[in-house]
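Participant: Listed below are the residues making up each chain.
Protein chains: 4
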Amino acid sequence: MTAKIAINGYGTIGKRVADAVAAQDDMRVAGVAKTKPDFEAKLAIRKGYPLYAPNADVASKFEKAGVKTAGTLEDLAKAADLVVDCTPEESGYKSLYEKAGVKAIWQGGEDHGLTNLSFNAAANYEECLGARFVRVPSCNTTGLIRTLYPLDAHFGVVSVLAVMVRRATDPGDSKKGPINAIEPELEMPSHHGPDVQSVLPKLNIHTIAVKVPTTIMHLHTVIVDLKKAASAEAVLDVWKRVPRVAFVSGGDGVRSTAQIMEMARDLSRNRADLYEIAVWRDGVHVVDGKRLFYFQAVHQESDVVPENVDAIRALMELQKDGRKSMEKTDQSLGIGIVK
Amino acid sequence: MTAKIAINGYGTIGKRVADAVAAQDDMRVAGVAKTKPDFEAKLAIRKGYPLYAPNADVASKFEKAGVKTAGTLEDLAKAADLVVDCTPEESGYKSLYEKAGVKAIWQGGEDHGLTNLSFNAAANYEECLGARFVRVPSCNTTGLIRTLYPLDAHFGVVSVLAVMVRRATDPGDSKKGPINAIEPELEMPSHHGPDVQSVLPKLNIHTIAVKVPTTIMHLHTVIVDLKKAASAEAVLDVWKRVPRVAFVSGGDGVRSTAQIMEMARDLSRNRADLYEIAVWRDGVHVVDGKRLFYFQAVHQESDVVPENVDAIRALMELQKDGRKSMEKTDQSLGIGIVK
Amino acid sequence: MTAKIAINGYGTIGKRVADAVAAQDDMRVAGVAKTKPDFEAKLAIRKGYPLYAPNADVASKFEKAGVKTAGTLEDLAKAADLVVDCTPEESGYKSLYEKAGVKAIWQGGEDHGLTNLSFNAAANYEECLGARFVRVPSCNTTGLIRTLYPLDAHFGVVSVLAVMVRRATDPGDSKKGPINAIEPELEMPSHHGPDVQSVLPKLNIHTIAVKVPTTIMHLHTVIVDLKKAASAEAVLDVWKRVPRVAFVSGGDGVRSTAQIMEMARDLSRNRADLYEIAVWRDGVHVVDGKRLFYFQAVHQESDVVPENVDAIRALMELQKDGRKSMEKTDQSLGIGIVK
Amino acid sequence: MTAKIAINGYGTIGKRVADAVAAQDDMRVAGVAKTKPDFEAKLAIRKGYPLYAPNADVASKFEKAGVKTAGTLEDLAKAADLVVDCTPEESGYKSLYEKAGVKAIWQGGEDHGLTNLSFNAAANYEECLGARFVRVPSCNTTGLIRTLYPLDAHFGVVSVLAVMVRRATDPGDSKKGPINAIEPELEMPSHHGPDVQSVLPKLNIHTIAVKVPTTIMHLHTVIVDLKKAASAEAVLDVWKRVPRVAFVSGGDGVRSTAQIMEMARDLSRNRADLYEIAVWRDGVHVVDGKRLFYFQAVHQESDVVPENVDAIRALMELQKDGRKSMEKTDQSLGIGIVK
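Protein chains in written order, with my numbering: chain P, 13 to 351; chain X, 13 to 351; chain F, 13 to 351; chain Z, 13 to 351.
FYI, nobody ran anything at the bench for these hints, they're computed from the structure.
Some hints here could point you the wrong way.
Each pair may be met inside one copy or between any two copies, as identical chains are not told apart.
Stated by the list, open to error - With a straight-line Cα cutoff of 25 Å, these simulated SDA-like cross-link-like pairs (lysine to any residue) come out:
1. Lys54 x Ser261
2. Lys187 x Asp294
3. Lys73 x Gln331
4. Lys16 x Arg335
Values in this document were obtained by computation on a predicted structure and should not be read as measured data.
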């Protein structure tokens with residue numbers, strides 16, 4: 013059986029999930045729904061994805077712009093086994109999916125409460141097997157879980173403090189700023205800490221967020237108090253065996269997020285994406301045996317994409333074993349930098 | 013016969029030329045030479061390109077860094093039929109190539125005087141057939157030639173004024189600025205005008221350059237006084253039939269260089285490059301019948317890459333017909349957006 | 013008699029006009045009206061400006077925030093001789109001013125049609141004497157008039173082409189972008205050309221605008237076809253004798269707008285403003301005797317401030333001679349860099 | 013007695029120290045020394061500061077550029093009581109000052125070891141009375157001391173963790189980047205922690221630095237484990253009584269460093285500087301009674317300026333009481349925002 017997957021919302025995440033689904037052999041793109049007849053809509057058609065409008069009104073807007081649609085979101089939902097919802101937060105399509113009798117996956121813009129089940133392939137794949145609705149947490153949250161979950165498993169984590177220096181907007185956007193300012197998130201903790209706990213409920217974590225004028229990656233400064241003493245080497249050794257965590261090195265000329273994205277482009281992947289969380293090998297330090305410091309960079313546009321593919325497999329029960337799903341996904345997307 | 017191509021200099025242009033050569037069936041990468049054992053060197057090896065050091069001193073530096081080299085540049089030049097020199101300007105390798113009896117292509121950082129022959133596939137391919145040494149002009153110059161040459165051929169050009177708003181550095185660099193300033197090039201004309209004339213000696217052109225804090229594309233504002241009156245539609249119609257000129261549209265949501273590069277990423281090409289010059293369809297205006305205004309954006313990292321492949325073919329006489337070379341190159345690189 | 017001046021709108025321009033009015037001896041600040049009880053409102057009170065709310069609703073919002081207001085805009089308008097309207101475009105207060113029987117000055121965001129009279133101190137002061145309503149054109153338009161008007165007077169201008177590389181937002185804003193893109197204004201001519209003609213109706217001018225990721229200044233590349241031949245020295249000599257045009261020089265280390273604003277800060281003026289248009293002395297070139305090229309930088313936040321002060325004097329007939337008004341204004345604001 | 017103060021190095025810090033010295037009644041500017049005859053040199057002369065060249069060679073370079081010098085640095089040092097050295101780090105003038113028998117103050121680019129005495133007006137003024145040589149730590153270090161010293165005095169500090177999001181270069185510079193990247197300082201701790209200990213040797217502090225594409229301020233995220241439990245209000249109450257710490261508020265519309273610098277400009281101070289450390293009132297949080305979080309912004313160009321003035325007074329023994337010196341300095345510079 014090939015699972016029929018609909019993608020509702022064809023922006024930064026939606027178009028990547030569509031391409032990633034298309035790259036699997038156990039699922040296919042039933043169609044994508046989009047609100048604007050812009051260049052991205054035209055490229056979707058060029059790629060062979062059936063294009064749907066969220067409703068009849070929008071469909072006529074598409075028609076006027078000379079862009080053909082295959083029907084409305086309702087039609088698409090009925091024809092699909094599962095919808096990956098990549099619309100802006102609180103778009104409110106849950107009842108439509110319920111009515112259509114289709115499974116659904118939401119992104120991190122939504123609250124955990126919408127599904128009461130949040131997904132991370134390494135942490136809780138099995139828990140989500142066969143579920144009706146699930147949510148994949150945001151890029152930052154997924155990035156934190158990727159490195160913290162194995163640390164907790166191997167050394168035990170007493171507490172985590174993460175200061176996240178966030179890119180202000182994505183590369184394809186030219187409206188949002190700031191151009192020349194640093195903006196702290198004054199509320200504390202930022203929503204990311206509780207969001208990590210939606211997957212790792214026992215983790216003691218406090219997060220702080222600061223927005224800066226760059227488009228390409230988030231940078232996390234993470235401070236972890238470990239239960240068991242560990243060296244930097246031991247920590248790196250744990251991450252080395254973990255999927256979707258890549259190593260970079262200042263010594264190799266990777267001094268900033270600019271060189272990480274340059275490296276990603278050199279890897280010739282689709283859209284020059286970096287699905288892995290990049291950890292600076294020479295930025296890992298342990299003080300007094302138990303206090304660990306590290307820097308990691310998160311490609312906000314793509315790190316959740318493999319998680320979405322795995323979440324589809326879990327919900328559709330296409331694969332019972334999370335590790336096997338991750339391996340399949342990673343191979344299809346070219347993930348696996350030599351560490 | 014498969015031409016053996018060496019690439020000397022493996023930075024922004026060199027690594028792209030290497031990948032483009034590797035994508036052809038009438039040439040292959042004999043090896044690449046690089047000065048630093050950084051992440052780019054490691055990725056070159058990963059791609060299977062034999063890695064050479066410019067000299068024995070650098071070779072030992074590579075060895076210390078644990079990066080294996082296949083020999084020195086001299087060895088590489090002897091083993092190759094042609095060297096594409098992508099080193100920084102005035103690196104001075106000409107005598108080495110002469111001694112090795114190898115053909116060579118330089119990039120736009122060098123003066124026209126180094127070769128007395130500058131290349132553009134559409135404009136003077138045949139003139140360069142079998143030449144020993146040739147130079148491919150810079151990204152900006154190539155961009156201007158791409159749209160001006162067909163205009164001159166169809167309508168006649170009285171004079172050109174181009175104001176080039178230049179990106180300050182490439183995306184992979186994190187050292188250069190400015191962060192928050194606009195910097196005019198006070199000398200006039202900027203070097204680009206005379207550089208266009210190295211290929212189109214009769215074109216009356218004046219260029220002005222201004223540097224701005226962005227990394228992703230140059231934007232040209234071009235004002236052309238035509239000999240024959242023409243409408244905007246007639247001008248677009250000429251460009252429509254010309255290779256390596258793509259159309260974008262503000263009406264499709266492509267308002268800035270950000271959306272052009274986003275579109276390039278969506279095309280799933282290597283490194284998300286855009287080899288074409290992008291012209292805004294709804295930014296072409298004709299005033300009083302003969303004064304043409306247009307905006308074009310130039311992807312500084314990649315627009316010269318197909319020209320280098322064609323230049324190899326011309327020098328090696330792998331193909332006598334320039335149009336056929338261009339077609340072959342374009343097909344191999346995925347060039348050819350629906351206009 | 014000291015003219016009582018109200019300022020409606022206390023943002024970038026409004027607060028500067030208030031301070032400039034306060035620095036004159038023939039007018040005083042009757043009050044300022046503002047819509048938000050933010051830090052700028054608190055600083056207005058600290059400066060001793062009576063603070064008004066646009067209406068009773070907003071007044072109660074101020075009260076809740078603990079910021080005292082002296083009344084509503086209507087009260088202020090009645091108590092004043094003239095209102096300088098610095099509200100966002102199309103705020104629609106004209107009928108309120110008419111009802112209050114008060115004179116008014118608008119800024120460049122409004123259309124010329126609102127007043128049918130646009131003001132520039134050097135160009136048409138006398139024409140505006142005693143007028144009821146007038147409009148001061150925008151920063152870019154004022155900048156163009158400052159250098160073009162004397163050129164036309166001395167050499168005659170056949171035609172002007174100006175390519176304006178515009179800052180995307182002001183330094184105090186952190187919401188707007190782009191962060192990393194160049195955005196051309198696809199419609200042509202940009203509104204600036206016709207706007208210059210609102211003051212200089214016979215000037216043949218075409219303007220083109222491009223937006224870039226900087227906050228500090230606009231940069232104009234201006235190309236002028238002169239009637240009479242002139243040397244660069246002769247052109248500089250004309251501007252030397254003109255008020256509100258300053259010279260900078262790449263040779264002195266002023267390579268970009270960053271150094272111009274640094275120089276402005278070093279001049280110890282209020283808010284580090286630069287009321288003058290800065291022309292690069294070594295960026296002025298004449299080709300073939302009659303085609304003039306020059307670069308000028310415009311401090312978008314402040315260049316219209318002295319024009320507003322002069323416009324007040326013209327409307328209130330505090331001074332019949334425009335040159336004398338300009339001298340008085342310039343002295344009070346510290347204008348007059350050694351050229 | 014009016015102390016004769018020389019300033020060696022007339023860049024970002026030097027020119028501000030000169031103006032601040034000129035604003036005092038117990039000291040005066042004996043002269044400033046500068047290496048380049050650029051616009052800043054010309055403005056120094058305009059301000060009436062005698063201009064010196066570091067040596068005879070540079071003096072002749074100035075002469076050629078038409079900029080008059082009053083002699084060499086040696087002459088200046090002999091004529092002065094004290095030199096404030098604002099040259100780039102490791103410029104190596106110590107022996108010249110020793111030979112000239114003059115006192116000297118260095119900036120934070122130098123190591124503590126150069127003087128074995130580092131200065132902060134609030135923390136150790138009295139310790140530095142009459143000293144020959146002293147060093148004022150850098151902007152970031154001074155910023156941390158300003159808020160941490162009073163916290164330690166009132167509540168006791170167990171440990172401090174500061175993540176500093178640093179501006180990449182100053183506003184007047186247009187060469188340095190990055191334009192679009194985040195760059196972590198991989199070595200740990202960053203030099204700032206030990207630097208704070210040069211003044212507060214017993215403070216347990218770890219610092220982490222990340223560089224971002226902005227020019228206007230550093231932003232510190234500070235996490236402090238207190239000995240005695242305290243509320244956010246109690247902490248704010250301590251800082252309220254401390255000089256050179258200002259409060260800003262997101263609720264007042266100060267969301268980012270852009271609005272802080274806008275506020276600074278609205279205060280009409282020299283160069284629109286903000287000598288105070290700005291703490292977000294609504295960004296102060298206490299968790300579990302003893303863990304304090306706060307954000308502070310540092311105007312890197314000016315926060316050390318008042319410290320330099322006080323250091324002069326301490327070394328010259330113009331005032332024995334540090335608090336009185338601070339008051340005098342602050343009044344002369346307009347410091348003292350209503351909190």
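Participant: Does each hint fit the structure? Answer for all of them.
Facilitator: Structure-based check of all given hints:
Only between protomers do Lys54 and Ser261 lie at most 25 Å apart by alpha-carbon distance; the minimum there is 12 Å, versus 39 Å within a single protomer. Within a single copy, Lys187 and Asp294 get their C-alpha atoms only as close as 36 Å, which misses the 25 Å cut-off; across copies the closest is 20 Å, which meets it. Taking identical chains as interchangeable, the C-alpha atoms of Lys73 and Gln331 are never at most 25 Å apart, the minima being 40 Å within one chain and 48 Å between chains. In this assembly of identical chains, Lys16 and Arg335 lie within 25 Å of each other by CA distance solely inside one copy; the values are 22 Å within and 44 Å between copies.
Comparing the model with each earlier hint shows a violation of hint 3 alone; every other hint is respected.
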